[in-house]
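I would like the entire structure built from these sequences, with the hints used as guidance.
2 protein chains.
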Amino acid sequence: MDHKDSVSIRVFSLNCWGVRYLSKHCSQRYAMIGDMLLQEEHDVVLLQEVWSEKDYLFLRKKLASSHVHAHYFKSGVIGSGLAIFSKHRIQDTLLYRYSLNGYPYMAHHGDWFGGKAVGLAILNIGTLTANFYLTHLHAEYCRERDAYLPHRVVQAWELQQFIRHTSAGADVVVLGGDLNMHPQDLGNRLLTSYTELRDAYAETDNFDGCEDGLTLILDNPFISQKVIAPFEKGIRIDYILFKGSCKADIQCVSMRTTKGSIPGQAFPYSDHEALTAEFTLAPSEAGGDFRSSNRDCAPGDVARLVDILTEARTEVKVGVHCAERMRYTAARTAAMGLALLLLELAIAAVPWLTLGAEQAFPLTTFYLLVALCLAILLCTSLLYVFYTMELKSLQGTEDQMRLSVGGLQEKLRALPLSRPTEGVKPGNMFCDEE
Amino acid sequence: MDHKDSVSIRVFSLNCWGVRYLSKHCSQRYAMIGDMLLQEEHDVVLLQEVWSEKDYLFLRKKLASSHVHAHYFKSGVIGSGLAIFSKHRIQDTLLYRYSLNGYPYMAHHGDWFGGKAVGLAILNIGTLTANFYLTHLHAEYCRERDAYLPHRVVQAWELQQFIRHTSAGADVVVLGGDLNMHPQDLGNRLLTSYTELRDAYAETDNFDGCEDGLTLILDNPFISQKVIAPFEKGIRIDYILFKGSCKADIQCVSMRTTKGSIPGQAFPYSDHEALTAEFTLAPSEAGGDFRSSNRDCAPGDVARLVDILTEARTEVKVGVHCAERMRYTAARTAAMGLALLLLELAIAAVPWLTLGAEQAFPLTTFYLLVALCLAILLCTSLLYVFYTMELKSLQGTEDQMRLSVGGLQEKLRALPLSRPTEGVKPGNMFCDEE
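Sequence lines, in order, name chains L and E.
The numbering of the first sequence is the UniProt record's numbering, which starts it at 1 and goes up by one.
The numbering of the second sequence is the UniProt record's numbering, which starts it at 1 and goes up by one.
Do not rely on the hints blindly, as some may be mistaken.
As the list claims (entries may be wrong) - Derived lysine-lysine pairs resembling BS3-like cross-links, with alpha carbons at most 27 Å apart:
| # | chain 1 | residue 1 | chain 2 | residue 2 |
| --- | --- | --- | --- | --- |
| 1 | E | Lys317 | L | Lys61 |
| 2 | L | Lys247 | E | Lys247 |
| 3 | E | Lys54 | L | Lys317 |
| 4 | E | Lys226 | E | Lys24 |
| 5 | L | Lys317 | E | Lys61 |
| 6 | L | Lys61 | L | Lys24 |
| 7 | E | Lys247 | E | Lys87 |
| 8 | L | Lys61 | L | Lys87 |
| 9 | L | Lys54 | E | Lys317 |
No lab work stands behind these hints, which were simulated from the structure alone.
Note that the structure is predicted; figures quoted are calculated from it, not measured.
This is the structure we're talking about:
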């Protein structure tokens, strides 16, 4: 790409593992990260797991000269942990909170309290409008029996929807973050197929970093053997994805990751490896990048998308069944609690049920049981409300997926004969960036 | 507008007041609504407060021949109550849940359980892409002391953000729904100033309906005198708003509302009046509609927007203070509950504190007090978590508003001298539909 208006930008992404008092060497690591960012002067820095606003403010102060513009996305109880620092003015921001994000009672996993979301920051780089998306999906705690898979699939669905619907005005799109999904995972395929985002690691010829682009590796001293054990060398769950438009071309010139340790430092920046990608942007004359994206409107690609969607719908349906079962259990437990309460009240109200003996049902036991029943009723009611909301979100996503499959199948029927579908712009279903 | 490709569409909007078993004549009214919609054959029907999916399915079945395409937006515990019926294929949908929507413990108001949101349905009408937005904001229960005002302002802010960011690819935009805001309310000004949406009632020369376009009137038998009393004749809180783009012109040809009673029927469709607007859409040659929208980039309009934003920020700050106070109260109550619990345990563990008398601190009282303390701790913890989330949302909105004011003020400084701001496209801040 040799264009006189072309611009080169460097994008940095890191999951900072910033749980105050719990993450090891937290403040020292933030100091290291701040020094490095100040020195490297990336154009855009996308950070995840900056759980404390104090740490954000520390970085903000430190980077005041190198990255004049910054935004911290607030969400959930302690989150969203997403922060962006930029050399270019942030024109506008938007936050989309995922409708599902684990369970509040799984406090040891903590994801629910993080209020996971996707943040959008709109920047003007040269003459181009660039949409930077920054996200962090629900963690995977056990790959074999992943109870959070439906939630993560819903998050991936909402992420692709959000990107597609908000990027129509953008010349270039960059997404960075910890997706908590391996490259070939369902959610990742859903995301990249729908949005046509390209993986910086896969697209560049100039890569320097961990083998296979891994971002969670055994060489990192903060990573326990147990986490990595099932995956041989490590896993790749952090990404920088990108795409251009009919108005701009974007190419990934180089990509690098840290490799577990930092030369001259006692420990690395985080338990995740840091990603840096260098891009060249250039206004395009004849819609170069975008036209090529129309490849997906070929029958083979539409059919592949239908397959991915079908797989995703199955996973969401599993989630629906699970939520229904949990809600039923909550309702049944509430009913038992209520029955027990009524029985107790009946025993107390009707003395002859106590078999004549005064001490047969002592007051202490009575009050304790009433308190127990009320506690059961309160907790199960809250759970019932929570599961109902989970169910609505899962069903809503399934509805949207069904609508999407319907549209794709209609397109598939129309494609082989090359008949234009009445009233439907070609490629409008998922190539709607035009 | 005389264009050979022009299309005429009719849009209908109604808050159905569909609370099963609580709303009067609910099923009869749904039957009436179904009959009317089947007969009228509007192009697009936007319904709110369809709280039961059964009622949606009833309408879906009834309108199977007239409105082939439909979508029900699921959200919250019983909501979102939003349903769309269309003669044109729904290409895609997206739901954005407002981050704030009342309080779960205000169960008698019920808004929180409705999971209020804005739904987007993308339709192809002729050769044009039309974005239909459908929403229902938090109700106003007391205009003088409106505790929900900060929440509604945040909702209006999120609504304008969502519309702006998702409509860049749309040729025409239509928003219908119950905004629960009077025409000159802060949230309404925020919404229309940012999105440049025009009010169908104000724009048409051909209006037939209640005086001043009111949608909640005394003549409606379902409306109590008490609700309307402070407002003389009634209030206008339901709207159909619209705008075109550089690719299409849209004009409101006519608008009408029901007038409290329906000829030949015993009662009206709902406690709200129904809105019907007729539009003419036409592909535009020279970006007619959009160019005229650049008027807002004049210094006077930017200054006006800064004023509205400043007013909105003040309101959000009031919400922040209120949430902080509530969270502090929850924390203090929790601390008192904990202190009481520890005191009790100390008394029980250290017998000489009971002043020697065995009956001084009977077991029953002890257990009851422990149960009470635990209940206080549980409830206040939940409230603390809830208020923290509310606070994060309010602060996040305030941050975004501050960012926006900064951008506008910079634009204002640049405008009088007509200097192009470096790297910033003119009008990109809030005229970013180009």
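Do the hints match the structure? See the list:
| no. | hint | verdict |
| --- | --- | --- |
| 1 | Lys317/E - Lys61/L | 24 Å, holds |
| 2 | Lys247/L - Lys247/E | 17 Å, holds |
| 3 | Lys54/E - Lys317/L | 20 Å, holds |
| 4 | Lys226/E - Lys24/E | 18 Å, holds |
| 5 | Lys317/L - Lys61/E | 24 Å, holds |
| 6 | Lys61/L - Lys24/L | 23 Å, holds |
| 7 | Lys247/E - Lys87/E | 23 Å, holds |
| 8 | Lys61/L - Lys87/L | 14 Å, holds |
| 9 | Lys54/L - Lys317/E | 20 Å, holds |
Every hint from the earlier list agrees with this structure, and none is contradicted.
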